[in-house]
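Construct the complete structure from the given sequences, taking the supplied hints into account.
The opening position of the sequence shown corresponds to residue 1 in my numbering, with each subsequent residue numbered one higher.
Hints were generated in silico from the structure; no laboratory data involved.
Under the rule of at most 27 Å between Cα atoms (straight-line distance), these lysine-lysine pairs were calculated in the DSS-like manner: (1) Lys203 / Lys6; (2) Lys6 / Lys90; (3) Lys128 / Lys67.
Now the in silico label distances, taken between C-beta atoms and shown as ranges: (4) Ala193 / Val242: 44 to 50 Å; (5) Gly176 / Ala206: 28 to 34 Å; (6) Ser146 / Tyr86: 22 to 28 Å; (7) Thr202 / Lys158: 28 to 34 Å; (8) Arg44 / Glu22: 29 to 35 Å; (9) Pro30 / Val242: 18 to 24 Å; (10) Arg230 / Ala195: 47 to 53 Å; (11) Leu192 / Arg250: 51 to 57 Å; (12) Ser146 / Gly119: 24 to 30 Å; (13) Glu173 / Ala206: 17 to 23 Å.
This structure is a prediction, so every number in the text was calculated from the model and none was measured.
Each residue gets a CB set at the ideal place from its N, CA and C atoms; glycine is no exception.
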Amino acid sequence: MGQFIKAGRDGHILTITLDRPEVLNALHAPACRELSDLLDDFGRDDSLWIAIITGAGRAFCAGHDVKDGFHDAMPETGWAGLSRRYDLFKPLIAAVNGPAAGGGWEIALACDIVVAEEGATFSLPEAKVGAAATGGGARRLPQRLSWHLAMELLLTGKRIDAAEAARLGLVNEVVGPGQALEAARRYADAMLACAPLSLQATKRIALASLESEAREVQHLAAELNEQLKRTDDNREGVDAFVAKRPPRWRGR
1 MGQFIKAGRD GHILTITLDR PEVLNALHAP ACRELSDLLD DFGRDDSLWI
51 AIITGAGRAF CAGHDVKDGF HDAMPETGWA GLSRRYDLFK PLIAAVNGPA
101 AGGGWEIALA CDIVVAEEGA TFSLPEAKVG AAATGGGARR LPQRLSWHLA
151 MELLLTGKRI DAAEAARLGL VNEVVGPGQA LEAARRYADA MLACAPLSLQ
201 ATKRIALASL ESEAREVQHL AAELNEQLKR TDDNREGVDA FVAKRPPRWR
251 GR
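Okay, structure coming up:
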């Protein structure tokens, strides 16, 4: 059992729980490294075929732990062990039990199936704290939506509820309170009726059709993220967030 991430297996299904409920499961660098190691193990274990990701308490994941800063080293596989992971072809299911903000939504966007409880919300507010959605959001959202809708969400940080996310095709199913894990398990059970290697081959082909340039795009995202970390506005965004005041942007 990890310090920040819990995992439990039931037959061929692994359930991963982001376990920092005191900060709405926001992840700092140590938690990202722990999650990355767990996903490494999942990928290598031939007896595990499907993973479900959910959050402890009332949130799915509030994204990066802004109070921890942006300067600690992330794993080679990127934020949450997912943004630069290109070789995990086993199905991932997000059981979104509450708010999924910033990197939290990016985790869900990295999954193949998303179920969300009625009270769940989704947003990419990174620009409001002097950062950008470099954990996969700015790459994946324009793939799933029209350009204009995707850019509205990315450039304003607009928050949408589970029903709106489902209407836009970003959520497979909306369920009642406390039912996300049960619903995710139903999808996993349906997948268990399929040959596991066939599932992996199918996902690999699907990803190749969408993300032939994913490595190059994510490399650019990493470069821009490093540039943003060095800006005055990035420091101001974090300071304003911690102080709970409006940021004073300077454009530098």
